[in-house]
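Residue numbers (the working numbering), protein chains in the order written: chain F, 1 to 332; chain H, 1 to 305.
One thing to keep in mind: the hints can contain errors.
[To be verified] Pair ranges (Cβ atoms, derived):
{"no.": "1", "chain 1": "H", "residue 1": "Arg151", "chain 2": "F", "residue 2": "Lys164", "range": "29 to 35 Å"}
{"no.": "2", "chain 1": "F", "residue 1": "Asn215", "chain 2": "H", "residue 2": "Arg120", "range": "49 to 55 Å"}
{"no.": "3", "chain 1": "H", "residue 1": "Asp251", "chain 2": "F", "residue 2": "Glu324", "range": "29 to 35 Å"}
[Unchecked claim] Computed cross-link-like contacts, BS3-like style, restricted to lysine-lysine with a CA-CA straight-line distance of at most 30 Å:
{"no.": "4", "chain 1": "H", "residue 1": "Lys57", "chain 2": "F", "residue 2": "Lys244"}
{"no.": "5", "chain 1": "F", "residue 1": "Lys227", "chain 2": "H", "residue 2": "Lys57"}
{"no.": "6", "chain 1": "F", "residue 1": "Lys127", "chain 2": "F", "residue 2": "Lys322"}
{"no.": "7", "chain 1": "H", "residue 1": "Lys57", "chain 2": "F", "residue 2": "Lys306"}
{"no.": "8", "chain 1": "F", "residue 1": "Lys309", "chain 2": "H", "residue 2": "Lys57"}
{"no.": "9", "chain 1": "F", "residue 1": "Lys287", "chain 2": "F", "residue 2": "Lys156"}
{"no.": "10", "chain 1": "F", "residue 1": "Lys156", "chain 2": "F", "residue 2": "Lys181"}
{"no.": "11", "chain 1": "F", "residue 1": "Lys96", "chain 2": "F", "residue 2": "Lys125"}
{"no.": "12", "chain 1": "F", "residue 1": "Lys96", "chain 2": "F", "residue 2": "Lys249"}
{"no.": "13", "chain 1": "F", "residue 1": "Lys227", "chain 2": "F", "residue 2": "Lys157"}
{"no.": "14", "chain 1": "F", "residue 1": "Lys73", "chain 2": "F", "residue 2": "Lys287"}
{"no.": "15", "chain 1": "F", "residue 1": "Lys164", "chain 2": "F", "residue 2": "Lys142"}
{"no.": "16", "chain 1": "F", "residue 1": "Lys99", "chain 2": "F", "residue 2": "Lys287"}
{"no.": "17", "chain 1": "F", "residue 1": "Lys318", "chain 2": "F", "residue 2": "Lys112"}
{"no.": "18", "chain 1": "F", "residue 1": "Lys244", "chain 2": "F", "residue 2": "Lys309"}
{"no.": "19", "chain 1": "F", "residue 1": "Lys142", "chain 2": "F", "residue 2": "Lys99"}
{"no.": "20", "chain 1": "F", "residue 1": "Lys246", "chain 2": "H", "residue 2": "Lys57"}
{"no.": "21", "chain 1": "F", "residue 1": "Lys142", "chain 2": "H", "residue 2": "Lys57"}
{"no.": "22", "chain 1": "H", "residue 1": "Lys57", "chain 2": "F", "residue 2": "Lys181"}
{"no.": "23", "chain 1": "F", "residue 1": "Lys156", "chain 2": "F", "residue 2": "Lys244"}
{"no.": "24", "chain 1": "F", "residue 1": "Lys227", "chain 2": "F", "residue 2": "Lys164"}
[What the hints assert, rightly or not] A short list of chain H residues far from chain F (calculated; beta carbon distances all over 10 Å):
{"no.": "25", "residue": "Glu114"}
{"no.": "26", "residue": "Leu126"}
{"no.": "27", "residue": "Ala134"}
Source of the hints: derived by calculation from the structure; they are not laboratory data. Fair warning: this is a prediction, and the values are worked out from it, not measured in the lab. Each residue gets a CB set at the ideal place from its N, CA and C atoms; glycine is no exception.
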Amino acid sequence: MHPDREAYLVNRNVLSRRVLAGVAVAALALAGCSDNAENTDAAGGETKLSGEVKVDGSSTVAPLSEAAASIYKEEGGQAGVNVSVGTSGTGGGFEKFCKGETDISNASRPIKDAEKAACEAAGIKFKELIVANDALTVVVSKDNTWADCLTVDQLKKIWEPNSKVNNWNQVDPKFPSEPLKLFGAGTDSGTFDYFTAEINGEEGASRTDYTASENDNVTVQGVSGTKGGLGYFGFTYFEENAAKLKALKVDGGAGCVEPSLKTAQDNTYKPLSRPLFIYVSDAGAKKPQVENFVSFYIESIDDIVKEAKFVPLTEQQKGTLKSEFDALKAAV
Amino acid sequence: MSAPTLTPTRPEPSAPGAALTQRRSRPGEVAFRLAMQSCLVIAFGVLASLLAWVLIKGWNRLDSRLWTEMPTGLTSRLDGAGVQSALVGTLWIISLVAVICLPIGILSAIYLEEYADNTRWYNRLLELNIQNLAGVPSIIFGILGLGIIARALGLGFTVITAAIVLSLLVLPVVIIATREAIRAVPQSIRQASYALGATKWQTVSRQVLPSAVPGIATGSILALSRAIGEAAPLIVLGAVTFITFNPDGLDSAYTALPIQIYTFITRPQAEFAELAAGAIVLLLAIVLVMNSIAIFVRNRFEKRW
Chain F
1 MHPDREAYLV NRNVLSRRVL AGVAVAALAL AGCSDNAENT DAAGGETKLS
51 GEVKVDGSST VAPLSEAAAS IYKEEGGQAG VNVSVGTSGT GGGFEKFCKG
101 ETDISNASRP IKDAEKAACE AAGIKFKELI VANDALTVVV SKDNTWADCL
151 TVDQLKKIWE PNSKVNNWNQ VDPKFPSEPL KLFGAGTDSG TFDYFTAEIN
201 GEEGASRTDY TASENDNVTV QGVSGTKGGL GYFGFTYFEE NAAKLKALKV
251 DGGAGCVEPS LKTAQDNTYK PLSRPLFIYV SDAGAKKPQV ENFVSFYIES
301 IDDIVKEAKF VPLTEQQKGT LKSEFDALKA AV
Chain H
1 MSAPTLTPTR PEPSAPGAAL TQRRSRPGEV AFRLAMQSCL VIAFGVLASL
51 LAWVLIKGWN RLDSRLWTEM PTGLTSRLDG AGVQSALVGT LWIISLVAVI
101 CLPIGILSAI YLEEYADNTR WYNRLLELNI QNLAGVPSII FGILGLGIIA
151 RALGLGFTVI TAAIVLSLLV LPVVIIATRE AIRAVPQSIR QASYALGATK
201 WQTVSRQVLP SAVPGIATGS ILALSRAIGE AAPLIVLGAV TFITFNPDGL
251 DSAYTALPIQ IYTFITRPQA EFAELAAGAI VLLLAIVLVM NSIAIFVRNR
301 FEKRW
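Isolated chain F, as found in the complex:
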């Protein structure tokens, strides 16, 4: 009997020791985390705020809000405020925003009527703020020596639904015979919505036989590696990859204009220069930490845009931004 009892005890001890070890590891991991999360308030004159600021939406605008969150963390003097940024896409972001799940929604196009209705149905009021500019840039490979400028009509011929254009010489008879390979934005993105609205005349109307990706680096890789490739994305992606890609000028009726900081700002790069937005909900703006973050965002907009390498606002746009935000503050 004794040996049995002993074996049982040994077995039981081994078992419980293993279980204990597992629990200890888990507990340690958790304890380690909560230590890190402790707030270490920086010195600052104002009252200390805390809580979360939830931002979600367009992946195009996300770098801007991330830069805002980073600068806010360092210079905002509110170490207790936690800003998180998600990238559900402009449409996905509005879906959450209109359910009251986020405070701020990043958007690379204005809110649609259907989304507005969803917000209204849920009792969510909001303010639209323009925070930066962008030039949707049409890019081709560096090996493309023939094309320099495309008209909106030519772009439409390429991108319209059911387009059969699959060779550069179909775009313009002067172009050589080179297979056309298309890369573009995924259908959930505001970039896709904006491009199709401006080029094809109808939001969401596009040919479907192209390489669609939410990841613009796929377009960079694809176009730079394909002699007859063509794609489009935000100006930042072109700037970062200017060594690999060539940006086409676009003729919107008033001659060929190249995408640049200047032409995006003064809106001469037509029709593909666009504003970028953040939407702030009234319920969000009522929370002191959200209000504090948004006012910091607006006051430091120049630094934020510079850090995120976006196209800055014009003085006029900045004035509008400030007055819009003041109106929002007054309303809540």
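The hints should help you fit chain H onto chain F, whose structure is shown.
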């Protein structure tokens, strides 16, 4: 006929041994062997080149910055960025998955293996469903979690939602692995225990379970390694992509390494790609450590009958 006149085409060899030696030289045999070897080379070659690529790409970032620094949105400060919040988020989630999933999975397996009556239709239905659940794509669990756990139950886009959904995802794996381990304990051990007057519970808890621990531990750790690399359900479950604080509770916003890696890869700046490669190596290292623990536990505590 006699042995010296054997030819490969001989229809009925007199000695079986002679037939075996003949077959070895057939071209089909050689071709099959080569095919198997080249499959092995291809599999390992792809894996090795992926590893090499990630290591080379992320080499500059493979230091303590990875886990001591937070991500940043400042393109001028990318050199000092890390993935601490994602690493801690992943550790939170995986610890919670272990706490939620292992007790439920192991107890379910004990019930199914030791207590359930297999002749009952509902038990067989249960088993069938568990097997099927193991094959459901993870994104489906994500959508289920979004609809039921995040929204209907109101848990929101939080650490606990992610942990519950990933627990559900790997639960079938844990149950199946645990059942295999319990089944491997010989029937004679149970009978000997009963013969000594032990009750059913005493037999299960003092004989069967301790013997099955190596198998259960291995299966559980492998299940957790699967959960740690999952990105698809977390995308749906509102894992944010930029967060400069670590989770501080079950209801905290979070991100996880696979999500962070995916986001970094989509960014235009080359520094993000480097950081992503560094984070991939970090994630691989975690999975490797977990799998090594599984192998160690199996070898150290394995019993043979």
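Each hint tested on the structure:
| no. | hint | verdict |
| --- | --- | --- |
| 1 | Arg151/H to Lys164/F: 29 to 35 Å | violated (44 Å) |
| 2 | Asn215/F to Arg120/H: 49 to 55 Å | holds (50 Å) |
| 3 | Asp251/H to Glu324/F: 29 to 35 Å | holds (33 Å) |
| 4 | Lys57/H to Lys244/F | holds (19 Å) |
| 5 | Lys227/F to Lys57/H | holds (26 Å) |
| 6 | Lys127/F to Lys322/F | holds (12 Å) |
| 7 | Lys57/H to Lys306/F | holds (27 Å) |
| 8 | Lys309/F to Lys57/H | holds (24 Å) |
| 9 | Lys287/F to Lys156/F | violated (45 Å) |
| 10 | Lys156/F to Lys181/F | holds (15 Å) |
| 11 | Lys96/F to Lys125/F | holds (14 Å) |
| 12 | Lys96/F to Lys249/F | violated (37 Å) |
| 13 | Lys227/F to Lys157/F | holds (20 Å) |
| 14 | Lys73/F to Lys287/F | holds (18 Å) |
| 15 | Lys164/F to Lys142/F | holds (25 Å) |
| 16 | Lys99/F to Lys287/F | holds (17 Å) |
| 17 | Lys318/F to Lys112/F | holds (24 Å) |
| 18 | Lys244/F to Lys309/F | holds (18 Å) |
| 19 | Lys142/F to Lys99/F | violated (45 Å) |
| 20 | Lys246/F to Lys57/H | holds (25 Å) |
| 21 | Lys142/F to Lys57/H | holds (24 Å) |
| 22 | Lys57/H to Lys181/F | holds (28 Å) |
| 23 | Lys156/F to Lys244/F | holds (25 Å) |
| 24 | Lys227/F to Lys164/F | holds (19 Å) |
| 25 | Glu114 | holds (16 Å) |
| 26 | Leu126 | holds (26 Å) |
| 27 | Ala134 | holds (23 Å) |
Hint compliance for this structure: hints 1, 9, 12, 19 are broken, all remaining hints hold.
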